[in-house]
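There are 2 protein chains.
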Amino acid sequence: MSKKLTKRSEDYSKWYNELVVRADLAENSAVRGCMIIKPYGFAIWEKMKEELDKKFKATGHQNAYFPLFVPKSLFEAEEKNAEGFAKECAVVTHYRLKNNPDEPGKLMVDPEAKLEEELVVRPTSEAIIWSTYKNWIQSYRDLPILINQWANVVRWEMRTRLFLRTAEFLWQEGHTAHATKQEALDETLLINNLYADFAENFMAIPVIRGVKSESERFAGAVDTHCIEALMQDGKALQAGTSHFLGQNFAKAFDVKFATSEGGLEHVWATSWGVSTRLMGALIMTHSDDNGLVLPPNLAPIQVVIVPIYKGADQLEEIAKVATSIKENLEEKGVSVKFDDRDNVKPGFKFNDYELKGVPLRIAIGPKDLENNQVELARRDTLEKSYVPQSELADLIPVLLKEIQDELYHKAKSFRDSHITEVNSFEEFKEVLSNKGGFVSAHWDGTAASEEAIKKATKATIRCIPYAAVEEEGKCVFSGNVSAKRVLFAKAY
Amino acid sequence: MSKKLTKRSEDYSKWYNELVVRADLAENSAVRGCMIIKPYGFAIWEKMKEELDKKFKATGHQNAYFPLFVPKSLFEAEEKNAEGFAKECAVVTHYRLKNNPDEPGKLMVDPEAKLEEELVVRPTSEAIIWSTYKNWIQSYRDLPILINQWANVVRWEMRTRLFLRTAEFLWQEGHTAHATKQEALDETLLINNLYADFAENFMAIPVIRGVKSESERFAGAVDTHCIEALMQDGKALQAGTSHFLGQNFAKAFDVKFATSEGGLEHVWATSWGVSTRLMGALIMTHSDDNGLVLPPNLAPIQVVIVPIYKGADQLEEIAKVATSIKENLEEKGVSVKFDDRDNVKPGFKFNDYELKGVPLRIAIGPKDLENNQVELARRDTLEKSYVPQSELADLIPVLLKEIQDELYHKAKSFRDSHITEVNSFEEFKEVLSNKGGFVSAHWDGTAASEEAIKKATKATIRCIPYAAVEEEGKCVFSGNVSAKRVLFAKAY
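Protein chains in written order, with my numbering: chain A, 1 to 492; chain B, 493 to 984.
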């Protein structure tokens with residue numbers, strides 16, 4: 001009935017696009033580059049939000065909300081930031097429509113309702129927030145400010161892909177203000193580690209923590225820390241960034257504070273964010289040719305129960321057992337769906353829940369009733385087994401935990417086996433085109449070599465890992481001296 | 493130190509504006525008409541969101557996310573809806589900025605990056621959502637669709653006030669699709685009752701449930717149901733609306749479904765929403781001349797503990813007791829703050845928490861330590877009493893519940909005493925200008941009388957209450973026959 005997904009080995013990109021739509025995660029909208037996040041996809045995003053929000057609050061951050069629009073004069077105040085985003089800005093120029101006299105029933109922009117100053121739809125909120133912080137900060141006693149906001153932002157991308165690169169996306173952006181450089185540096189690191197912990201222990205996505213090279217830095221930042229994940233096709237994906245902004249925005253918006261010693265100094269800043277892009281990372285870390293594979297932490301439905309029956313009497317018998325299993329599992333905090341739809345066959349349901357990545361499937365037929373058992377299938381390994389009904393309530397929470405762990409370890413061992421040390425540019429190119437993944441290579445620290453490598457291979461420096469070992473080496477491109485290896489990869 | 497608030501009796505509007513800013517709820521931004529919701533205000537909004545979201549999910553609704561932008565051609569498809577919002581639309585016309593050659597360091601809109609079709613920043617999402625539902629709905633089996641989204645919307649208002657009327661605001665908007673008229677009518681009612689339950693039992697705001705007159709209806713709706721609250725100054729505030737949209741949007745976007753009998757019919761629709769406007773209702777229902785009064789359900793801090801001490805030794809002794817009280821209360825789910833700041837006096841703290849509406853304040857001084865007691869003050873009644881420390885953990889949860897209930901009953905008795913039946917237009921005007929509140933009067937059902945009354949008195953029909961009794965009467969304005977009384981009021 002339903003066509004099979006394109007295989008990953010045939011066309012990874014096509015597989016991804018098909019999967020996102022067919023698993024009911026998201027779809028393209030009538031608005032160029034903007035996506036619709038469907039209920040099933042949004043339920044996954046909500047689980048991410050909830051967990052992140054808890055982590056932010058546990059580390060002393062509070063949520064707030066700042067305007068969608070940034071007046072052009074504020075937007076351009078921090079020049080590097082403005083320059084970095086200018087080419088992607090959606091701009092509001094008018095505030096009214098009127099009837100089109102030439103086309104009855106149609107509307108047109110009212111030329112008399114032109115704004116005196118254009119409004120940029122926020123691509124990021126440093127400008128509007130720092131113009132506000134100026135009024136909130138007078139003394140060291142007003143610091144630190146630790147604020148996060150959940151919001152939509154718009155970056156007018158020319159080539160878009162669901163979740164990975166969309167004109168509008170959802171994200172959280174933290175914006176903090178500090179009295180000292182050290183405190184801001186600590187915050188930058190705290191958040192990057194928080195992101196890594198979240199990615200690994202909640203999403204089962206192994207990441208490498210590190211710092212960006214200058215050319216990959218956030219526009220307006222002094223340093224950008226990041227977590228980098230590796231997708232199944234050997235391309236890297238930046239999963240989160242945490243920026244040390246130094247005093248750049250404080251200077252652009254003239255934000256000073258009276259120090260405890262009676263001086264007057266510019267405030268230190270950080271900003272950090274993760275977005276709905278994480279949905280892309282999730283999909284491309286765990287899924288397979290049958291569809292989505294969800295870590296149990298993120299699964300809106302953790303267990304689905306499918307009845308196999310002929311006639312209403314059998315269904316009724318099975319429903320009794322299914323309902324009791326469901327209740328017992330829900331008591332243990334497991335989310336369960338009993339799918340008793342009678343207009344589709346069990347096989348259709350099996351395929352559908354496989355496509356949607358439901359971690360565990362229980363099937364119950366007449367034979368199972370007789371034997372007080374069920375058929376239990378794991379989505380990740382596709383293994384099936386028969387389990388006594390009486391053991392399910394104890395077994396399933398343990399199994400969900402096990403699946404969560406195994407998904408992480410599977411992804412980690414794939415990732416680890418795709419970090420390849422190379423010592424020549426020949427080797428670099430060879431690994432990149434045949435094996436893919438991260439290439440660990442010496443680099444002389446210059447933008448020139450970085451640019452030349454990118455031009456020749458499409459690989460960029462994903463990060464200088466925190467864990468990079470100091471060792472003498474020669475730049476794989478220029479042959480000049482290098483003190484540590486950095487990670488290159490092609491990237492999303 | 494801190495100036496007192498303007499008294500409500502002196503200037504209610506000024507009192508409101510001062511309170512919103514000084515209680516750290518929100519402030520105006522650099523963007524005309526757009527507000528900044530500060531952490532304390534946002535924490536209150538989050539509590540509303542969480543409770544509403546739970547209620548929506550418990551009634552079978554799912555969250556999703558649709559684009560911020562609506563192409564003009566979609567926006568204008570449902571003509572009445574388009575006409576209703578056209579004058580308030582922020583419009584994106586360009587997608588890029590570039591360096592301004594005449595002013596180095598400044599940006600300008602790039603005239604070469606003009607959009608082929610202008611994008612309206614959503615003032616409401618029926619158009620973008622129904623253009624999507626068209627692809628989701630083929631058969632009766634695809635119905636109902638019960639979707640909600642939490643989002644920001646923009647309506648370019650000329651005169652704005654924090655929370656009550658802002659160019660950008662936060663809200664939730666439900667958009668449902670049904671196979672039958674009856675089902676859509678039931679949904680409209682279900683949600684209006686859900687809103688009423690939320691307002692009354694969670695926010696302690698009594699509301700009247702009813703239906704709007706034609707002229708007060710949502711643009712594009714067949715019927716608008718609403719909940720109407722009464723503010724302390726005798727003006728009404730529309731706190732939530734639930735629209736029965738009939739087949740208007742289905743027809744505008746050609747959304748048909750195959751019925752179970754093999755026919756083809758247009759889909760029935762509802763939409764419904766509440767917004768950050770509820771923050772305004774909250775403030776103007778419960779607060780007093782000393783500041784905000786928060787129902788415990790909505791208080792980010794339910795209990796604050798203030799130490800009264802001289803010197804570090806005393807503080808240390810008090811801190812021990814305070815910490816133990818805090819822990820005991822937190823175990824019972826009460827949120828507690830121990831404010832041990834040493835740079836401000838207790839009196840300053842007392843005023844500050846009064847301004848911020850913290851329901852209960854515990855003060856502990858050296859005398860209290862000796863007597864194993866605390867001073868406990870209620871924000872709503874300003875009553876103080878001494879309470880043995882050992883009784884606090886049992887007393888406070890009970891007291892919070894009591895405060896919640898009493899706030900509701902206080903507001904309800906104010907509201908009930910401000911519904912005045914009148915039988916002549918003289919009486920109508922007299923009550924409206926001297927007493928305020930809802931005026932319950934017969935109306936002949938015509939837009940002409942409604943308009944004339946509005947012109948003469950500024951009062952509008954707030955709703956035709958569900959509970960209105962059928963009785964013979966004469967329209968208070970025209971003298972024509974009327975079958976029931978409706979509620980008029982001046983409104984926010």
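Do not take every clue at face value.
Think about it this way: if two alpha-carbon atoms lie no more than 30 Å apart in a straight line, the pair counts; the simulated DSS-like pairs of lysine-lysine are [claimed, not checked]:
no., chain 1, residue 1, chain 2, residue 2
1, B, K598, B, K572
2, A, K106, B, K606
3, B, K590, A, K80
4, B, K829, A, K55
5, B, K982, B, K966
6, B, K950, B, K506
7, A, K410, A, K55
8, B, K904, B, K802
9, A, K310, A, K235
10, A, K114, B, K829
11, B, K546, A, K332
12, A, K55, B, K506
13, B, K547, A, K326
14, A, K332, A, K7
15, B, K572, A, K114
16, A, K57, B, K841
Since the hints were made in silico from the structure, they are not lab data.
These are the hints, each one checked on the structure:
no.	hint	verdict
1	K598(B) x K572(B)	violated (41 Å)
2	K106(A) x K606(B)	holds (20 Å)
3	K590(B) x K80(A)	holds (13 Å)
4	K829(B) x K55(A)	holds (20 Å)
5	K982(B) x K966(B)	holds (22 Å)
6	K950(B) x K506(B)	holds (21 Å)
7	K410(A) x K55(A)	holds (26 Å)
8	K904(B) x K802(B)	violated (44 Å)
9	K310(A) x K235(A)	violated (48 Å)
10	K114(A) x K829(B)	violated (49 Å)
11	K546(B) x K332(A)	holds (20 Å)
12	K55(A) x K506(B)	violated (39 Å)
13	K547(B) x K326(A)	holds (22 Å)
14	K332(A) x K7(A)	violated (37 Å)
15	K572(B) x K114(A)	holds (24 Å)
16	K57(A) x K841(B)	holds (24 Å)
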